[in-house]
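Engineer: Listed below, chain by chain, are the residues.
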Amino acid sequence: MDLVLIWFVLIAVLWTGYLVLEGFDFGVGMLLPLLARDRGPGSAPAVPGQRSTSSEDRRRTLLTTIGPHWDGNEVWLLTAGGATFAAFPHWYATMFSGMYLPLLLLLVTLILRNMGLEYRHKRTDAAWVRRWDVAIVGGSVIAPFVVGVALTNLVVGMPMSEHLSGTTAYTEFSGSVLDLFTPVTLLGGLALTALCLTHGAHFVALKTSGPLRQESRTLARLAGAVAAALSVVLLLVLGADRGTVASWVAAGVAVVALVVAIAANTKGAERLAFVGSSTTIAMVVVGYFLMLSPNAINGRDAGPALTLEAAASSSMTLTIMTWAALVFTPIMLGYTVWSYWIFRRRLSVDHMARPDTRTEEMVG
Amino acid sequence: MDVLELARWQFAITTVYHFFFVPVTIGLSAIVAWYHSRWIRTRNEEHLRMAKFLGKLFTINFALGLVTGIVQEFQFGMNWSTYSRFVGDIFGAPLALEALLAFFLESTFLGLWIFGWGRIPERLHAATMWIVHIGTVLSAYFILAANSFMQNPVGYRINPDTGRAEMADFLAMLTSPVQLVAFPHVITACYMVGGALVMGVGVHKLRQAKGGALADRRMYRHAARLGAVVTLVAGLGVTISGDVQGKVMTEVQPMKMAAAEALYETPPEGECAPFSVLTVAGLGGEDPTHVLEIPCLLSYLGTGSWDGQVQGMVELENEYRASFGDSELTRADTYIPPIAMTYWNFRLMMGAGFFAMAVGAWVLWATRKDRAPMQRWVGPLMVLAPIATILGHSFGWIFTEIGRQPWVVFGEMATHTAVSPSVGSTDVWISMGVFTLLYGALAVVEVRLLLEYIRRGAEPFEEPRLVTDDEPLAFTY
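From first to last, the protein sequence lines stand for chains R and X.
Residue 176 in the numbering used here sits at position 176 of the first sequence, and the numbers go up by one each step.
Here the numbering used here runs 1000 ahead of the position in the second sequence, where the first position is 1.
Please note that the accuracy of each hint is not assured.
As the list claims (entries may be wrong) - Which bits of chain X does chain R cover? Going by a derived footprint, with three or more residues having C-beta under 8 angstroms, they are: (1) 1091 to 1098; (2) 1114 to 1125; (3) 1434 to 1448; (4) 1458 to 1472.
FYI, nobody ran anything at the bench for these hints, they're computed from the structure.
We treat Cβ as the ideally placed atom computed from N, Cα and C, and that holds for glycine.
For reference, chain X alone in the conformation it holds in the complex (with noise of 0.2 angstroms):
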């Protein structure tokens, strides 16, 4: 493999894993922090008890978040220079105001919830854990617009003396179209993890604590339901935003949705475009073999019109090659990306997010009164319903990365042309190598340790109070 090659394997191995993990972050902090604050509403002690619980997987899971994205931060450099030369100007300043407005706050606030037992008035603390929220929810705002900045570019000129892409307006990058929707999007998918995975927490604790202490069976059967709601409602928010992001999409980058749609044609004119559910073969463009196909769906998802026009792959492709054809900077051999890709992860995102539903509603259903669903599969359910709604997020970010090629920013630059002309491939060999290595190795860890936390469960309630200065702290490393 060339260095292009391996830089690129490197950026999805690493963006990839990074990803299990923020949403997660983002999702579990919003619940840790309801339940911390209800709480102190309600002085029910199960919800403190939650509280911590939960608390304790949250921080399981920040750590791998945080020390895989110190990487993202660097690699931009490391195997991406042209780029980043190229891009500096405008794509920089998102990343240092992230880092700036959202890192320190989470960090610092994180520190604050965890040391804090007994040290920081309890109103106090409960803040602590939704400023550290507030902080993953503005992190995931910045890097968004970064990456929408790659996706539709807009706000910017290039500087003929340089060569280079300026800013010229950063309110315009920060609220483009793209980004509006690309926000609520990603953050209600991360609503939507958390959920999923306190929901699947909850019913599998729940049917441990069958005939055991009441106080358990009601604490965990109303974390169950609580993700499950989470899940449902978050899912109906990225259902809607999906749809939005799909008419922007199509606008912005259509050969990205005709991409996902294998539409190598345009329809002819009066005549609206399928959606295809599922396709064998046939993906290369001869004579596609749709198998399951809704009328005129492509259509409506695209324009919002039953009959709207959308544009086939070929038809885009002369076009793009009319524009861009001589530009140094965005000469690519072909602009139609890989379709399989494409396609396939379009069709798994979607499934994934209806299928974390659809199990959200079942046990909404199945814990009603006084029931435990005590099933044989509803085990493995448990399990693969948040999996789901984590790899949901993998492949909807496979899908928009890779429906952007060949460009790295849109209509600008050649992915080709972007990486670092400095670095061989034996370096790249190396730190792909070790990153992955590492990764795998910490996986295990992480899910081991998350395992024995869960299994755990909560701890018996404690009275929590303010230490005075000689006793042991409440909690310490």
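Just chain R, same shape as in the assembly (with noise of 0.2 angstroms):
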């Protein structure tokens, strides 16, 4: 196998990495609300319109849960970008130029997302908890639906032409931002959006214990539906126009993938359900990158595309990167792991210091 096309797996890793961990975190913001909704008597707010106490552990026990993780999570986020950069330049300046504001959305959504999450519990007055809790709800729908926005627009195409810069030739976007939304584009948001929800609830199932466990698994099942119902139409448009062999295989796990994750959450086996929606994220962003093969983004009404030698570093660069990313990310991978395995315990409501007990936000 050759560099270019080592490092297009790579790329292709590195957005699987990211969407199957960030996308349970995303998905765990999407729950707060849905989540912390009081339920039965006795959970009254003592004020009317302020949250009860209940709902406020319910909301911390779900942000504790992704707390040692999202952050990391993201970071594999920018190792794609990075990545992108140093092994395929002109991938990384064509998207990125091109789909300007979609990103700046994104980055925006995302600032305002990690400050939240960060920020919400420095303090503890109604309204300042109630901000952050909109930037991360906010955050954690918006982000998912803009990265699939921009995946689906690599595959369906963009609108590109031939400069000359010099002597060479070289593709650059050549649409306005109206281009990058179409059915399809919005469709590929709803998608990834609604998968990462349901990624989320397993998630939370796996990782809660008592109300919150059951009313995750219930709501997984009707976010599972709903993911599964739009990922199917998603791929079958998609795959009607770029579908190759191999890309119908992977939708093909894709979608069996999730209907295990459905019905192992229905029966209770969560780890098989979060291992479920786990490869199905995989196995979408493995069926994208299949029908972007051999191109790193592909044009749009028979413009010309972007392709992976045209896009790709020299092989001196390449082969360095390789030797990088294989003695450093076993490396990497080893203690994230760790870091899993030290917070695997289930939590509850209980685990939550009350807030009268809790020696003021923070003890960290």
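Using the supplied hints, reconstruct the complex from the two chains, each of which is provided in its own coordinate frame.
Structural biologist: Structure follows, in structure tokens:
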């Protein structure tokens, strides 16, 4: 296998890692308002319009399940960006300048979401907490949607044209921002958002105990059905245009894995459910990259595509990067797994120190 | 403003803002880790209280450093796509390595440190903060290597077929002379920021604790003095590395050094160049009015010899015109950078650093024995000293980046050729407006939160212990 192909695969791996990992913490963010409503007698808030203690405890439990991990999860995106820059400079340049405003939206939502996760618990006053909740929930919905739209654009093709720089030809995005939002790309955004929601619900079912665990399983069934419907339509539409045998297989595995995940969740096999939705997300990414190959960005309407060969770095850079990845990726995976192992136990609202006994907001 | 100007402003705004938080992250993580480890060695309760107290300030700051760093990663592609195409082969590698080696380390181990109270054996727990610190330093190394390439490209060749720069020697790029002096200069300056911050907070809390519990007074005095020592020692490192850097710069970027001095004409053969401390007017080249000059000092700073030859800008520009004038990628109108910006930022950078060192020395004196400096002006001074160190970084970066103009990659690519051709000025206006407003709002939130946590001070000591499975966790969101 030549180096260009290896790096194409590695970029796919990085996107897979990003969406499988941050996918569930996006999902947990989306679940905040869904799983934190008060149910049953005795849980009504003392002051009308205020959240009750139990609802706040639920939110804190949900956020604590991802607390030690979300930041590391996001680094997969940064690594995907950096690796694209190093291995495929033209891809990096064309994609990020072409998707200028969507990328701006993604950056802003990620910034606000991260700040929310970091700052929410730093003060206890209701307005402060509520404002950051909006940032966390909004970011968790919008970010996967924008990523879905962006990746789908690569597959369905972006409007591009050939340019000359000196004696060198290169392809450059030649559309407007509106060209990036078509029914298919919007469907891609919706499907990824629904998949993340399902995936997050599986994660919560796996990581909590008590009522939270039960309710997230119920929600996962519903979200899973929606995600399955959207994904099937999306993969059919994309496959009809760009499908290859391999991409159809990946799409098939994605759908089967999702069905298995939904069934496992119903039966209470939470680990299998989580593995199932992880597989689905991974296979969607694999299917996307199979429909991309041998291009980095497909062209729209018979326009020129950006090929991997044209986009790639010199073989020296790719060799250096390959060695670096071979040496350092196992180390990185090692401590990542270790940190998940350290924080492996299930959480419940009972693990949250009560507000009156909490020493300030943070002991970190 | 055209796209080029807007993109440059956006890069300046986002980068200078990002770099308010970076040095705090690097400097403070070391001090937090040191206090945490000291507690394990000495079982001095005050050390654990300080580790936790400063740790809170650290996490508040880290959050903003991280999110503004995400923008940095993508804006090369957004606004500077021609640049990214031209140098991606070389420039992308350290960026990717930074993410793979440093960002994962920082974020994973910071998560372990924050949530690890009661969950991880204590020695290992203290080690996690050291690992965070190592991550921040690694990160700085890679990003500085990328920047050093822009200042002084080495280890590459231009591929005549593609017109792009390609990697020829990665190790040479990672260890270029510019990189080897820039890294210690920036890192020691980061320790200065951490030191000045801890010193400022320590003195402030010490003043408040006067008449309070003895343990609190002892704790904050210790922090104030530790911070002062770090500021001084690191400041010495900054001075020495800066001196070496000046000589390397004179060699590889003589125009930058000449611009820093507003030195137009090369001094006649056999005459040394003076260093001007201040200049009023005359930076335009018509008879510069140096108010205060130190004879021959510029020759020494630039060459290490008191009668060394330093070239002036006029001569240099003629040389550059002759060698770069005709290439498509390098064509520029002038090879002289904006003089006032380089001249004043260079002086402000040094002034800020020396000011913080002077304050550090004074704090050591003023807190000797059991003294607490209670004068009214001490309060503002303790706010000013850390701010000076942070602004010192900004001045330094503005100097080094403006002084490189008109190049984006010295000698290889002029800045005006580097912008994204497919991005219109409306797009850049929107993103610049959004980032400016967002960053401004976040700055207000962050400063308020920091002040609030500083006001609360260190919490009372609590014996740490491993928690069992069904009791409330020591730390939750």
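Engineer: Please list, smallest to largest, the hint numbers that this structure does not respect.
Structural biologist: Checked against the structure, no hint fails, so every one of them is satisfied.
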